[in-house]
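Protein chains in written order, with this note's numbering: chain A, 1 to 760; chain B, 1001 to 1159.
Incorrect hints may appear among the rest.
As the list claims (entries may be wrong) - Pairs of lysine-lysine, DSSO-like flavour, derived with a Cα cap of 27 Å:
| hint | chain 1 | residue 1 | chain 2 | residue 2 |
| --- | --- | --- | --- | --- |
| 1 | A | Lys269 | A | Lys63 |
| 2 | A | Lys699 | B | Lys1071 |
| 3 | B | Lys1128 | A | Lys688 |
| 4 | A | Lys394 | A | Lys303 |
| 5 | B | Lys1128 | A | Lys697 |
| 6 | B | Lys1128 | A | Lys631 |
In short, the hints are calculated from the structure, not lab data. Values in this document were obtained by computation on a predicted structure and should not be read as measured data.
Here are the chains, one letter per residue:
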Amino acid sequence: MSKNNSEFSVVGKRIPKLDAAQKAMGRAEYIQDVKLPGMLFGKILYSKHAHANIVKIDTSKAKALAGVHAVLTGEDVPKKMKMGFIKDNPPIKKGNVCSLRDEVAAVAAISPEIAKKALDLIEIEYEELEGIFDPEKAMEKDSPLVHEHLKSNVLKMPWNIHYGDVEKAEKESAFVVEDRFTTTWVTHCCMGTSGAVALFDASENLTIYTNTQIPSLAHKDFLEALKAMGLENKRVRVIKPVIGGGFGSKLDTYAYEHIAILLAYKCRKPVKIVFDRVEEFKATSTRQPTVTYIKQGCDKNGKLTFRDMRMVLDNGGHTSWGATTPSVMLMPISSLYRVENVKYNAKCVYTNNTYSQAMRGYGNPQATFAIESSMDMLAEKAGIDRIEFRKINKNQSGDETPQGLKITSCGLEECIDAVKEELKFDGKNEKGIGTGIASLIHVGGGARIYGSDGCGAILKMDDYGKVDIFTGGTDMGQGLDNITAQIVAEELGLLAEDINVVHSDTDICPWDVGAHASRSTFVAGNAALGAAKKVKKKIQVFASKLFDVPAQEIELKDKLVFVPGDREKSMLIGKLLRKAHFRPGGTMLMAEHFYDPDNENMGKELKGNMSMTYSFGAHGAKVKVDEETGKVEVLEYVAAHDVGRAINPLLLEGQVYGGVIMGLGYALTEEVTVKDGEIMNANFRDYKLFTAKDAVKIKAPVIETDDKDGPFGAKGIGEPGCVPTAPAIANAIYDAVGVRIKDLPITPEKVLAALKDKNG
Amino acid sequence: MTTNISFLLNGDEISYDIKDHWTLLHLLREEMGLIGTKEGCGNGECGACTVIVDKLAVNSCLYLAVEADGKTIETIEGLASTEGSLHPLQQSFVDNGGIQCGFCTPGMIMSSKALLDENPDADREEIKHALAGNICRCTGYIQIFESVEAVKGMGGQNE
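Please build the complete structure, drawing on both the sequences and the hints.
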């Protein structure tokens, strides 16, 4: 039986973030704040050219500078030390560079200023090569090759699927629309820049402080790095200081981490590398840009018949996780709305641009922009109201999609209705004002990207009824600590403040695959819940002897262990715990739990139920377009989400608001401007984030579908907030002034040009 | 070149030998160990390093330390009482979800304090204007506005 929110004591409550006071006082320690005795400062030199051979490097002047402890070039990097999804990227390049963010040398010195000066003294002679910066052109036969030895710029990736029979379905369709949509580079803009501090102990074991979202996988990467350095069987400890924003940017290990390790080993001193803001823009990875061709059709009643999509992805010069975003794009392509016949092909193409990574939504915002823009176009062609059209094709609980996704709980229709209710889609808008809607599906119950999608938790109770829970999960500001604490407190009849959540130290915390795919509430939450259940059982068994009743009759609530209806049989949990520990032959009340959801790896067929459950949502926007200037003003915004259950509505709203504003930046203002591989706007003046002035009113209705597998019914909500934002805006602009912008961001220039085209 | 400056920092009289090229941010963070003031960009574009100098919110990354001579400076470390109780603004940011990753928080709170010290009844538009130079990537600002509004009229003072 599912529970109402009123039946919970801690779950569903607006409990402030447990670490918020520390942060409000300025006491939280980020990577910028880590300071160790004898610490040196590392700096990295980047290539001067987007594509070149390195002819000669002279580091003698840099090495001679007083205060410099080490200078490294590609020659100093062990051959097997490589990074990225297909391990094609050494932390310092040797012989050849293929983007302007390619590292060519690094320095450790006693101060950042001296390290910087030393970089200026490194002399490098390059032989410039012709670059290629357009992925579609890079696919042409005579294009310059980014990696000569690969003989082609097109990566060997498996992104080619066909479910059903698209050709047949197209022939039988009453209405078909076809178009091309493009998205560009945008970047995470974490307020705390990237950085790491590495040090070796006397036995050559490594400790690395780094703001990673994947402590356990980073641990593995660094073990491999040590192995490449000839340091086999040494230990690695990854410590994550407070993270100044993640959003997917920290789902890989990077050159700065590996370089810090190499420098620390060479100098036998702690070495700190922290990016400045320009470096953060230029040397961290972006969201994957896309060129998308989409064709979809419906029958005369508006039922979708097929969806045919083709993409070209700019892979940049090296391969990180951007090249795998099609695995997630596949989800909305195959499964946003009911559509039986689906085709998708994506080509990842090397260019001499920057390379991409995970960023909130992991390909979903790009795919959903094309799908939901096209949905409006198809609805119009078929002469069906766009809300009605979406409802005709809505996903429903119990569906299995062509990809094999099993929809266990689905509140999509309720989300669409909530948007309709708030925004009054009655077609009676003033001139220049329009409304738009777009929906989303996202993984909400983990995502089996690796062999494991698991998370471990260890729970220990002290003598006074307080809990320490050691989790593999990572809090990067989103509030996993609270979710963990509230789940454990609910199960054990305690308060959230009784729960101390320990994370982010691989010496102490169990394994976890990482804070990605909106998986933490579901997976780390279930891990914590599993451990709490085991401890609860131990408490019940122990109390059953004290109270002389069967264990199942014992309840835990309000810090009491008691038998309902029997006032004699009740004890403060702390007292009971002391009785357990503090006696001859005592027992320790601890438990561990490893939760790995029962979801499926897609395998070669690219089919399978990748997540235990899926989150749904619908966003609606009301915009005003100034036809004189092309400026788009967002008047109202509604973001309705099916979250299973809101473990903490305060934090949930924070995820939605933050996601939406990030999505609005994606829709309207944000763009890393790249010219011949060079990033031209590496600062907050020219890279246009939404500021407080631009923030819009957002309503965030929450639909609770109480998912059967979620902890207390919850699904993930970290990413959905920014998934359908851009198409909701694009659709509203079309509704307002009749122009469809197919290229993000939708700047005033593009709107004006389109209006000019339309009006002649 | 070294210069001796004197200033009032969070109520304490300070005398410090500084290098003339130091920014106030460098003096606070790197020399005095007051890590609450954050560096987000070093270019006056993000507001993470905001401190209050003679009642005005300034980007300490662009403010030369030598200019602090004779001034009254407030940083995030000076807001909570010595007994540890949070300033109403700090408490409100905690209670209203104004904090996620927290990196922008000290600057955000200092800008808010400068506003409320000057204009205790600031409305939403005035709050937006006062925080326009403080970038937050996590919250979408809404819960930050709510945090500031919740202490309006309380003067923003630590009493």
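Results for each hint:
{"no.": "1", "hint": "Lys269(A) to Lys63(A)", "verdict": "17 Å, holds"}
{"no.": "2", "hint": "Lys699(A) to Lys1071(B)", "verdict": "44 Å, violated"}
{"no.": "3", "hint": "Lys1128(B) to Lys688(A)", "verdict": "17 Å, holds"}
{"no.": "4", "hint": "Lys394(A) to Lys303(A)", "verdict": "10 Å, holds"}
{"no.": "5", "hint": "Lys1128(B) to Lys697(A)", "verdict": "12 Å, holds"}
{"no.": "6", "hint": "Lys1128(B) to Lys631(A)", "verdict": "20 Å, holds"}
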